[in-house]
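**Student:** As you go down the protein sequences, you meet chains A and B in turn. For the record, in the first sequence the residue sitting at position 83 is 146 according to this note's numbering, with numbers rising by one throughout. For the record, in the second sequence the residue sitting at position 209 is 272 according to this note's numbering, with numbers rising by one throughout.
To be clear, the hints were calculated from the coordinates, so they are not data collected in a lab. Misleading hints may appear alongside valid ones.
Identical copies look the same in the list; a pair holds intra-copy or inter-copy alike.
[Claimed, not checked] SDA-like, lysine to any residue: derived pairs with alpha carbons at most 25 Å apart:
id: 1; residue 1: Lys-97; residue 2: Ala-79
id: 2; residue 1: Lys-97; residue 2: Ser-119
id: 3; residue 1: Lys-97; residue 2: Tyr-313
Residue strings, one per chain:
Number of protein chains: 2
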Amino acid sequence: MERAQTVERALLLLTAFSEDEPEMTVAELTRRLKLSRTIVVRLLDTLAAAGFLERSARDGRYRIGLAAFKLGSLYAATNPLHTYVSNELARLASETGYTAYVGVLDQAEVVIISHHEGRLPVRFVWTAGDRLPAATTALGKAMLAHLETQQLDAILGTDQIRGLTERSLATRADLDRQLAEIRERGWAVAQDESAVGITAVGAAVLNGNGAPLCGLSLSFLDYPHDPARFSDLGSLVHQAAQRATERVTYYERYGHRAVTTSSKRRSRFIAT
Amino acid sequence: MERAQTVERALLLLTAFSEDEPEMTVAELTRRLKLSRTIVVRLLDTLAAAGFLERSARDGRYRIGLAAFKLGSLYAATNPLHTYVSNELARLASETGYTAYVGVLDQAEVVIISHHEGRLPVRFVWTAGDRLPAATTALGKAMLAHLETQQLDAILGTDQIRGLTERSLATRADLDRQLAEIRERGWAVAQDESAVGITAVGAAVLNGNGAPLCGLSLSFLDYPHDPARFSDLGSLVHQAAQRATERVTYYERYGHRAVTTSSKRRSRFIAT
Numbered sequence: 064m065e066r067a068q069t070v071e072r073a074l075l076l077l078t079a080f081s082e083d084e085p086e087m088t089v090a091e092l093t094r095r096l097k098l099s100r101t102i103v104v105r106l107l108d109t110l111a112a113a114g115f116l117e118r119s120a121r122d123g124r125y126r127i128g129l130a131a132f133k134l135g136s137l138y139a140a141t142n143p144l145h146t147y148v149s150n151e152l153a154r155l156a157s158e159t160g161y162t163a164y165v166g167v168l169d170q171a172e173v174v175i176i177s178h179h180e181g182r183l184p185v186r187f188v189w190t191a192g193d194r195l196p197a198a199t200t201a202l203g204k205a206m207l208a209h210l211e212t213q214q215l216d217a218i219l220g221t222d223q224i225r226g227l228t229e230r231s232l233a234t235r236a237d238l239d240r241q242l243a244e245i246r247e248r249g250w251a252v253a254q255d256e257s258a259v260g261i262t263a264v265g266a267a268v269l270n271g272n273g274a275p276l277c278g279l280s281l282s283f284l285d286y287p288h289d290p291a292r293f294s295d296l297g298s299l300v301h302q303a304a305q306r307a308t309e310r311v312t313y314y315e316r317y318g319h320r321a322v323t324t325s326s327k328r329r330s331r332f333i334a335t
Numbered sequence: 064m065e066r067a068q069t070v071e072r073a074l075l076l077l078t079a080f081s082e083d084e085p086e087m088t089v090a091e092l093t094r095r096l097k098l099s100r101t102i103v104v105r106l107l108d109t110l111a112a113a114g115f116l117e118r119s120a121r122d123g124r125y126r127i128g129l130a131a132f133k134l135g136s137l138y139a140a141t142n143p144l145h146t147y148v149s150n151e152l153a154r155l156a157s158e159t160g161y162t163a164y165v166g167v168l169d170q171a172e173v174v175i176i177s178h179h180e181g182r183l184p185v186r187f188v189w190t191a192g193d194r195l196p197a198a199t200t201a202l203g204k205a206m207l208a209h210l211e212t213q214q215l216d217a218i219l220g221t222d223q224i225r226g227l228t229e230r231s232l233a234t235r236a237d238l239d240r241q242l243a244e245i246r247e248r249g250w251a252v253a254q255d256e257s258a259v260g261i262t263a264v265g266a267a268v269l270n271g272n273g274a275p276l277c278g279l280s281l282s283f284l285d286y287p288h289d290p291a292r293f294s295d296l297g298s299l300v301h302q303a304a305q306r307a308t309e310r311v312t313y314y315e316r317y318g319h320r321a322v323t324t325s326s327k328r329r330s331r332f333i334a335t
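Chain A with its partners taken away, still in its complex shape:
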């Protein structure tokens, strides 16, 4: 119990750093964590010795270190989910020329895990580690559509929701109307809701119990004025998410080795 608490404190210390406060002094961290200076210094020394923190040569402030980066890269490279999904990202980008994303839900936010760049001269808007309010993104809305009302209440509240642009949804009631459509159709749209000028279509990858594991999306600068084309893109993403769902379900049942050692057998299994 005592031991776990020390580790908890070390993890709190690490997660105290943010894009807004990437560097902090011992005094700032001591205030933030409401712990004694002695304890904080001991934790900092331990984390810095292992490379999870580094010290600025200039003023001795602490910041996140290379060991944390390596660990984070390992998540993106080895999580079975993303391994199976990355093929779908590449396929979506190649079939459409647009940039394809995968992201996961973290409370009311979406964290972008990776993207596959399209051929078209579309700018990158989001990159790995970026966080956005889930209800402003197509992949976020697609995942929210697979949560129970109780879960939605817990993470988004029941009144106003956080937006990023004038076109972002403003209330739970607006969102709920869209979620009902998304459940029916299988894919979500976000137009100018996280960034003006950017449209995206997204769909959710589910586990065996129907809970959302991650979301896939395609984003593009030009809104396709042809409704048929728009719905084609949505269906493409939906199909990709369904294929990924089948693979993940298979993985959950039969494991990683079974999937990777015989891709022939796997694809036959999934097809039936």
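Place chain B on chain A using the hints.
**Tutor:** Using the frame of chain A, we list chain B on its own:
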């Protein structure tokens, strides 16, 4: 002392995961860390509760979690080094059409931090988090050229060095000859040494004491047969690394705010 040891164990547990072993059972981790099962379970529970580890729905194996990914992304997004270097990456990629990389030295290896994709249809070879023997890469060799002999001995040994292809340098003596040339010229070359068909030129970004902080490189599939063009690319990367070095040195002296609040004043300072 007791406290720091528990944190050390938790960090060892996190870094026990790798691309080869992305998922492990309690038993495997207990064996690996040579600790009691009770201690390992307590650490795993603490790390999983904070999101640094997650459990497979299938068999309860542990793997790296989203919190680690978020922390790693923060390193890439906020490290002042990479902030200053990322402009140079974009400029190198835009001026040449080739893919530009930034990486750091981690003992005898280089860890790729980020890349900026070029316009040309060149394939990605390395991506964030990838690790390569430093002496097989242009940016790695450029950084090694700024270490003392004693440091090189400590991280690479004095005899055989690790390679990846038939063209990789095989011995410290081979490497030392190249490092002497790199010191003279300011930039390094690696041709077919980390991957067959890939050539790269690289240069090191230094701190105020002349120690290598990171390396920049440009990689391309086609070897420029025109020696003048080849040396132009090397000079471009060298100049980019020198500009980044000036910015980092300025940052170390005057801090982050001074740099970002008045970019006009900064560029005037750097120009003189």
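**Student:** None of the hints should be skipped; say for each whether it holds.
**Tutor:** So, going through the hints one by one against the coordinates:
Taking the shortest Cα distances, Lys-97 and Ala-79 sit within 25 Å of each other inside one copy (12 Å), while across copies they are farther apart (31 Å). Taking the closest pair of Cα atoms, Lys-97 and Ser-119 come within 25 Å of each other only inside a single copy of the chain (23 Å); across copies the shortest separation is 34 Å, beyond that limit. Proximity of Lys-97 and Tyr-313 under a CA criterion of 25 Å is satisfied in neither setting, with 46 Å inside one chain copy and 34 Å between copies.
In this structure, only the earlier hint numbered 3 is contradicted, and the remaining ones agree with it.
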